[in-house]
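**Q** Residue numbers (the UniProt record's numbering): 1 to 151.
Calculated from the structure, these hints are not laboratory results. Every residue gets a Cβ at the ideal spot worked out from N, C-alpha and C, and that includes glycine. Hints are supplied without guarantee of correctness; some may be wrong.
[What the hints assert, rightly or not] Restricting the straight-line Cα-Cα distance to at most 30 Å, the calculated cross-link-like pairs of lysine-lysine (DSBU-like) are:
#1 LYS104 with LYS2
#2 LYS126 with LYS114
#3 LYS129 with LYS30
#4 LYS30 with LYS126
#5 LYS126 with LYS98
#6 LYS30 with LYS67
#7 LYS98 with LYS30
#8 LYS114 with LYS30
#9 LYS114 with LYS2
#10 LYS126 with LYS104
#11 LYS114 with LYS104
#12 LYS104 with LYS129
#13 LYS129 with LYS67
#14 LYS98 with LYS67
#15 LYS30 with LYS2
#16 LYS104 with LYS67
#17 LYS114 with LYS98
#18 LYS114 with LYS129
#19 LYS114 with LYS67
#20 LYS129 with LYS98
#21 LYS2 with LYS98
[Claimed, not checked] Derived Cβ-Cβ restraints for the label pairs, each shown as a range:
#22 GLU65 with THR9: 10 to 20 Å
#23 GLN16 with SER110: 12 to 22 Å
#24 SER36 with HIS123: 15 to 25 Å
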Amino acid sequence: MKSEITGITRANEGIQGISWNILGQTYVPKSHAENSFSWHATLPPGTFVPPHIHPDQDEYLYMLEGKLDFVLGNTEAQASAGDLIRLGMGVPHGIFNKSEQTAKVLFWVSPSRKLFDLFWGLHNMKEQKPEDVVAMAAEFNIHFLPPPPGG
């Protein structure tokens with residue numbers, strides 16, 4: 001069992017100096033243990049995380065700056081600074097920055113499963129082609145949904 005290490009992860013730093021580029025966004029891991037994994041994300045305008053499902057993880061987002069649009073199951077919603085978004089296991093969700101402003105968000109999942117390893121794999125792809133991202137994510141039990149008809 002990997003336990004949390006007591007300490008401070010400084011602002012603008014990731015654990016062990018790690019910073020990932022995932023789908024045009026910057027992810028900086030803040031903590032990683034068996035029960036929880038957290039990261040700071042910077043989502044520039046126009047970036048998004050396509051609708052997907054975590055079948056065995058709860059996911060949370062705390063909005064620090066900016067505004068994001070969400071697909072939450074069969075509904076759409078918006079969140080801005082100070083809002084907490086709760087995404088239960090198995091609930092399809094997508095995240096979109098449709099604004100003109102960069103969004104900054106603290107994400108975390110529980111339990112960690114293999115999401116940390118997935119982010120390393122995606123970051124290390126020479127080119128993050130959608131079909132390759134979808135295939136790799138499925139290997140780590142994160143399942144992207146097909147685009148809607150005509151989408």
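**Q** All hints, please: hold or fail.
**A** The hints, checked one at a time:
Distance check on the hinted pair: LYS104 and LYS2 sit about 28 Å apart at the alpha-carbon level, within 30 Å; holds. The hinted pair formed by LYS126 and LYS114 meets the criterion: a straight-line CA distance of about 21 Å does not exceed 30 Å. Note on LYS129 and LYS30: the hinted pairing holds, with a Cα-Cα distance of about 27 Å set against a maximum of 30 Å. Our distance criterion of 30 Å between C-alpha atoms is met by LYS30 and LYS126, whose separation comes to about 25 Å.
With a C-alpha separation of about 27 Å, the suggested pair LYS126 and LYS98 falls inside the 30 Å cut-off, and the hint holds. Proposed proximity of LYS30 and LYS67 is supported: the alpha carbons are some 22 Å apart, at most 30 Å. Restraint check for LYS98 and LYS30: the C-alpha separation of about 26 Å stays at or below 30 Å, so the hint holds. A distance of roughly 16 Å separates the Cα atoms of LYS114 and LYS30; the hinted pair therefore holds under the 30 Å criterion.
Distance hint between LYS114 and LYS2 is fulfilled; the C-alpha atoms sit about 12 Å from each other, no more than 30 Å. At most 30 Å may separate the alpha-carbon atoms for a hinted pair to count; LYS126 and LYS104 meet this at roughly 25 Å. Distance restraint check for LYS114 and LYS104: the Cα-Cα separation of roughly 23 Å lies within the 30 Å cut-off, and the hinted pair is therefore satisfied. Of the pairs offered as hints, the one joining LYS104 and LYS129 holds, with about 24 Å between alpha carbons and a cut-off of 30 Å not exceeded.
For the given pair, LYS129 sits about 26 Å from LYS67 by alpha-carbon distance, which is consistent with the 30 Å threshold. Distance hint between LYS98 and LYS67 is fulfilled; the C-alpha atoms sit about 8 Å from each other, no more than 30 Å. For the hint pairing LYS30 with LYS2, the CA-to-CA distance comes to about 15 Å; that is within 30 Å, so the pair holds. Restraint check for LYS104 and LYS67: the C-alpha separation of about 9 Å stays at or below 30 Å, so the hint holds.
Restraint check for LYS114 and LYS98: satisfied, since their Cα atoms lie roughly 29 Å apart, inside the 30 Å limit. The suggested pairing of LYS114 with LYS129 holds, with an alpha-carbon distance near 21 Å, which does not exceed 30 Å. Restraint check for LYS114 and LYS67: satisfied, since their Cα atoms lie roughly 28 Å apart, inside the 30 Å limit. Taking the CA atoms of LYS129 and LYS98, the gap is near 21 Å; set against the 30 Å cutoff, the hint holds.
Under the criterion of a C-alpha separation no larger than 30 Å, the hint pairing LYS2 with LYS98 is inconsistent with the structure, at around 37 Å. Taken as a hint, the range 10 to 20 Å holds for the pair GLU65 and THR9, whose Cβ atoms sit roughly 19 Å apart. Checked against the hint of 12 to 22 Å, the pair GLN16 and SER110 passes, with Cβ atoms roughly 21 Å apart. At roughly 20 Å, the beta carbons of SER36 and HIS123 sit within the given window of 15 to 25 Å.
The structure does not agree with numbered hint 21 stated previously, though it agrees with all others.
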